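Same order as they appear, the protein sequences are chains Y and G. When you line the first sequence up against this note's numbering, it's residues 1 to 807, in that order. When you line the second sequence up against this note's numbering, it's residues 1 to 726, in that order.
If you are wondering where the hints come from, they were derived from the structure by calculation, not from laboratory data. Please note: incorrect hints may appear among the correct ones.
Claimed, not checked - Derived lysine-lysine pairs resembling DSS-like cross-links, with alpha carbons at most 27 Å apart:
1) Lys-481/G x Lys-508/Y
2) Lys-538/Y x Lys-527/Y
3) Lys-667/Y x Lys-397/G
4) Lys-786/Y x Lys-736/Y
5) Lys-67/G x Lys-674/Y
6) Lys-481/G x Lys-404/G
7) Lys-397/G x Lys-508/Y
8) Lys-285/G x Lys-404/G
9) Lys-698/Y x Lys-801/Y
10) Lys-695/G x Lys-635/G
11) Lys-610/Y x Lys-550/Y
12) Lys-736/Y x Lys-674/Y
No experiment lies behind these values; they were computed from the predicted model shown.
Each chain, letter by letter, is given below.
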Amino acid sequence: MLKMKTLIAMGTLLLAIVPASSEELTVYPSQITLSNAHDIERLIAVVTRPDGVTLDVTNEVTLAFGAENVAAWGEDKRLHGTGDGETTITVTHGDLTATVPLVVQNSGSVPATTFSNDVLPAIMRAGCNTGACHGSAQGKNGFRLSLFGFDPGYDFISLTRDSRSRRINAALPEESLMLTKPLGQVDHEGGSVIQPGDGLYEPMLQWIREGTKADPADLPTLTNINIYPPEAVLEGEGSQQRFVLMADYSDGTTRDVTDSTVLSSSDELTLTVDAAGVSTAGGKGEVYVMARYGTFAVVSKAIVIPQGMVVEWPEVPEKNYIDTFVFNKLKKLRIPPAELCDDGTFIRRAFVDILGNIPSEEETQAFLADADPAKREKLVDILLERPEFVDVWAMKWAEALRVAEIPNVLDRKGMNRYNDWLRQAISANTPMDQLVRELLGAKGGNFTNPAANFYVIERDPLLMAENVAQVFLGIQLKCAQCHNHPFERWTMDDYYSFSAFFAQVGRKGSSDPRESIIFNSGGGEVKHANTGQNMAPKFLAGETPDVAGKDRRVVLAEWITSPENPWFAKNLANRVWAHFLGAGIVDPPDDVRVTNPPTNPMLLEELGDKMREYNYDLRKLVRDICTSYTYQMSTHPRDPGNNDARNFSHAQVRRLTSEQMLDAIVKVTGNDVKFANLPLGATASQVAGGESGVYFLKVFGRPMRETVCTCERTGDPNLSQSLHLINGDTIDNAIKGAGGLLDSLLAEEVPHDQIIDRLYLAAVSRTPTEEEKTTLNGYVEAAENKREALEDVFWSMLNSKEFIFQH
Amino acid sequence: MFHDTGIEMVSMTPVDDKSATALLRVAPDCRVGTHGMRVRTSSGISDLEMISVGTLTEIQEVEPNNKEAEAPEIPLGTTVNGVVTSEDVDYYAVTLNPGDRLAVEVEAIRLGGALFDPKLRLFGPEGHERVAEDDTQMFRQDAGFVYTSTETGKHLIAVSEAAYRGGGDYYYRLHVGQFPRPFAVTPMGGAPGSQVEVTWLGDTGAGTQSITIPENTDGVIQLTAQNDAGVAPSTIPFRATPFGGVQEVEPNNGHDVATQGAISGAFDGVIGEAGDADFFKFEGKATQVVEFRVWARALGSPLDSVLVIYKPDGSGLGSDDDAAAVDSLVRVTLPEDGVYTLSVRDHLNRGGATFAYRVEAATVEPHLSTSLIENRPVTTVIPQNNYTYLLCNVARKDFDGPIKVELLDLPAGVTASSPLIPQGQGLRPIIIHGAPDAAVVGAMVDVRGTLQQEGSTLSGGLDQEVRLIAGNNDTTFFGEKVDRLAMAVSVPAPFSVELVPPTVPTVTNTYRMLTVKATRAEGFTGEIALHFPWLPPGMGGGTAKIPGDQNEVEIRLEVRNGTPIETHEIFVSASSAGYLLCTPPVPFEVQEPWVNFTVAATATDQGKPVELAVNVEQKVAYDGACKAELIGLPKGVTAEPLEFTKDTTELKFNLTVAEDAPVGKFEAVAVNTVIDTPNGTVLHRSAPGELKVQKPLPAALQAQAPAPAAEAAPDAPKRKTRFPTT
């Protein structure tokens, strides 16, 4: 609870309308070590106002050193060591002070220039090793570098040995092609990318002067990078904030690497950042400053608010912890949450999200008539126990696990077994961690133990590892198969050592030719693509476990589902969240990376904690989400200019998924659709595989389950969809079908105006407005053929945005 | 025609042109379960079909029965013959009281019709699912279960396809009763003539049964479980081996408590629970070669065996998981005299009441079997007064030697060649002849191979699976093994063919066009497709068709270098109107070339004539002058043919080379010649030589070359070099 309290305090602090407490001065980095004569480090000072706005006061502060002749603060706002020693720096801004410990070592020693720590960062910052330039697989104009420097050994050879060493001129270092090309002094298709004095040219030149030496074996390696300040709130267009990048090395030293870091902004309209790390605010918004150095990438979050903006915070109840976290974030952003949606909207939304279909007329009427103030909570509880909930989540997992009939790989029987296994697990409320352990550790025939299908569908250890990382941890490792991930920390070593958990999956035939038996073969390794070395299984960003004599997959499953795993619970929670709110806190949910940070990390953390606290009970988490104020907000933002789509300030209008839409059409019209391999009366969300045999589902983006990626399901509109809704046979057959809703109402001779009311209740969970009543009744009364006229009305309703969209 | 005993045809009555009904008599002692059967007519023979014999009251499914409420009540002791259509579920009701025993078995895949993988479910009176059984290992994809009721009232049995497939040919037989329904047996084998007390596994009500193994059996036989409660609807396979064996004595889960057995002999047991392993010990002598073979999954046990053989000191000697398709097989040479141990466990360390196994340990014996290639149904039709053929392959295991293949038990008036298949080779054709007066009958023919070696009596018959249900990629999903070829003598076919034997020898590295003549029945105008189904090594045959309005065609036969120099027998296959016939075999003599030409490597320039020398080596005398021509010359290069006689030693061809003849190396230049003899012509073709056509000398061209244009001044002043310009 401590975390929540702290956060509430922060939220309060940052709100403009809350009474002010004192300002705070923070100095970054919080501790400085200068390790040699060349070590020069930036220092930045930030004042945080009571309303949360941060001010870069680096130019305005004065520095006092606790001891003489240790360091100096230059005009360039950097610290230079002047003599060895330890002291503190006192930074003063008006009444505010802050102290920073300072250590200066080896101030007289000039370090050798190294390839990996000095030259390669400069090459990366200059952009030489990007995919469009020499980092492409074929290189460029005869010169190739490894993409983003994933293979320093190769790059060293490329520069110093290839083409008869013509890139280096040892006699006249300044004339080295390695310098004259990027300087633009000789023909260079990439143009002039470095300049003398820019901090990139110098280390390259110096390295050549020193004899292009290979790195010593004991060279300290980069272990981490940090960006300061970690977050910033800038007020008013044009306001500025410096950023500084500090690198940590394996020998414990740190270095200011801002000059050779690649910096970028996620939204140039909101914030720009220049090569020196100085950012400048633009329009209102939230933005991430991304920094890439070596194999690491980090981000700092910045919020830009208009000058002097004051927001009136409405009276909104915090129904549970979710609202607290969401509101706190909205307060920072100065966005008031939307109003609560009405009952008609709520029942439709809850039905569609929880059960995958819209409510019936009777269900809607009963709910609207219920006077119980807790009726929404009551409804959620009822829906969670209905069997359609199993359909929705079994389908979601079946999609992530690629449950589909695959010719010569997975027979329809195996597919059905796998699907039934998932359905039973969801139905029995099997904890998700247990499900994952059963899945990853599966052995036996894929007919007798359906979990073993996981290893039947995918046979390549590399793809298995990618899929497991993406589905259960939300991490996409694919890039690191061929090069270090450009926007994430994952290296090729990480990729192949994680894949090694799947190196020993044994397979053999069964007495049924359609069946495969999966077992732990106890032998087999995964080799690194560059080095050809066997890779020991290693957890992502974790230890190298002891797998001797064990089933590696079981070891991995234990790690993934352990409470210490930093991703698993959060990823599951975020997938659930994304289903109900239309966007993940990390979005898409299966692309967790440093450079795609969560929009509300505290909320994500809490949802992950809840997932564990609830013993991975899906229903409990869904209940929390659906009973929150956040879930029940209207789609209309309180501030009409608010176009926020990621901070949950109002509900998002979303097109129904293909299954939801088709099942809704069937439910409204009362005419069934036949799906392949399922009896008539089955719903679209019960289709076991990727192929449903129904064009409607395909055209509205039902995935064929060829990948585990959530991106395979598309909600994008296209012309075929519009044409199919307008002219296609799905809606036409459903409306006109004998024994359907309209047919029955006409047969019962219900008055036409009442038929229109009934159609409204069935399709959009409300009665028509007076205006709609007048128009539609007038249309029907004027028509000669009443049946056709009512069919037209029905058709219009099923083609209306109100029906097609979740709102 | 029946592949085994117990069923006979009483009468057959035609219904219309395309169908007939047959009345069959099933002997009281006929084995339960499926039997292979074919229908023969005066013109042919059908594919293999399965018919299932049971002991219960037979009824037909009556639709509708697709909903619980529609389930018809059936008495215990009933076999329902039904069909599962697409997404169909068939319900049947039985009334049970607490303690009542219910045995259910469905035959579907085993009927060999559609790829019908059935699923059985039993629901209690309140609608709760009590049993769900999909694949029962003993019944392949079929299912069976035994249930003891705890409730009173109407129980429902549901039959469906496991993946909701179905169709008009998805037939099933549902057996419902109180019969014994074991799912495995132990021991799983015994010696012919002996009496064995077997324990039925998987159904405690089935108990034990005393079985007498018939004399003169070998391999796998079928056992039927039966007791006072009835007869099981299908059999359980059982090994008949020349030796007996031991049954495990628990505990035997370690070296120190291994059950004593002997080799040659068998070791029987059950892996009763998960994690269990069974150990046996036996005396062995140094240099003994012993093959250990587990029988488990192949005979319907769920056990996925892993077999390990240990030396007397306890170290490993050999181990295996799946070498015998789905069971374990290890062959070892024992290194010393002593007490050896073997262990059996499940690959995934599973276990259960039906996880039975039998390890057979025996010295290695040679084995011979035959099979028919390109004959998936294992049938042949021989029309009266005609010829047909079979391609027979012999499989030798643990020996080599020449094999003579004969067709035994042929109908009267049918004769067949009995080829000798040389050592190391496997395939030969068998030519079958039907006499004009051969009776129109059927026969189950023994295709028997016999080793032609003094003192050996080794022989083997047909061992072939007939595909009943196809799987993916042209594989057999379900089939039935047959040991006899179903042969029918038919009324005369509407055509016959003969191959005209060549009157002169054919030399190697040439070809010969052979004439095939057809004799047609009046009015028969079918196109006849010809090919060589088998040829001696070195020969290659073409294909040809005799159009409907013709009776003769030529077919090409290549005689390559390396073809054995002897007189071979060749024949041509002919198919039309559903008949597969052939010509009578004819002699075909192959000789070495009578004259050898050697083409000298030659080079020239475009447009420059050249002389090409050919060395002539005379081997066999012949009369008169012959004409030699060059073949394989590039476009634009020509040479006039030259004459030669038996005395010529060299030929010189004058090549004219066009100005635009292609430049290059042409390596297929050869001499072609036809030697006329009084009996016919003998084609000769030399080994290829090389002709090189070059461009004329470049000096001549240089004189005409245009002066190079002056180079344009570079646009940019930037350096192109890494060297400084100052």
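Status of the hints after comparison with the structure:
Our distance criterion of 27 Å between C-alpha atoms is met by Lys-481/G and Lys-508/Y, whose separation comes to about 24 Å. Between Lys-538/Y and Lys-527/Y, the direct Cα distance comes to roughly 13 Å. Compliance with the 27 Å bound is thereby established for this hinted pair. Taking the CA atoms of Lys-667/Y and Lys-397/G, the gap is near 67 Å; set against the 27 Å cutoff, the hint is violated. Note on Lys-786/Y and Lys-736/Y: the hinted pairing holds, with a Cα-Cα distance of about 13 Å set against a maximum of 27 Å.
Taking the CA atoms of Lys-67/G and Lys-674/Y, the gap is near 18 Å; set against the 27 Å cutoff, the hint holds. Simply put, Lys-481/G and Lys-404/G have alpha-carbon atoms about 23 Å apart, close enough for the 27 Å limit, and the pair holds. The hinted pair formed by Lys-397/G and Lys-508/Y meets the criterion: a straight-line CA distance of about 25 Å does not exceed 27 Å. Taking the CA atoms of Lys-285/G and Lys-404/G, the gap is near 36 Å; set against the 27 Å cutoff, the hint is violated.
The suggested pairing of Lys-698/Y with Lys-801/Y holds, with an alpha-carbon distance near 20 Å, which does not exceed 27 Å. The straight-line distance between the Cα atoms of Lys-695/G and Lys-635/G is roughly 15 Å, inside the 27 Å bound, and the hint therefore holds. Between Lys-610/Y and Lys-550/Y, the direct Cα distance comes to roughly 31 Å. Violation of the 27 Å bound is thereby established for this hinted pair. The suggested pairing of Lys-736/Y with Lys-674/Y holds, with an alpha-carbon distance near 16 Å, which does not exceed 27 Å.
Violated hints, in rising order: 3, 8, 11; the structure is consistent with all others.
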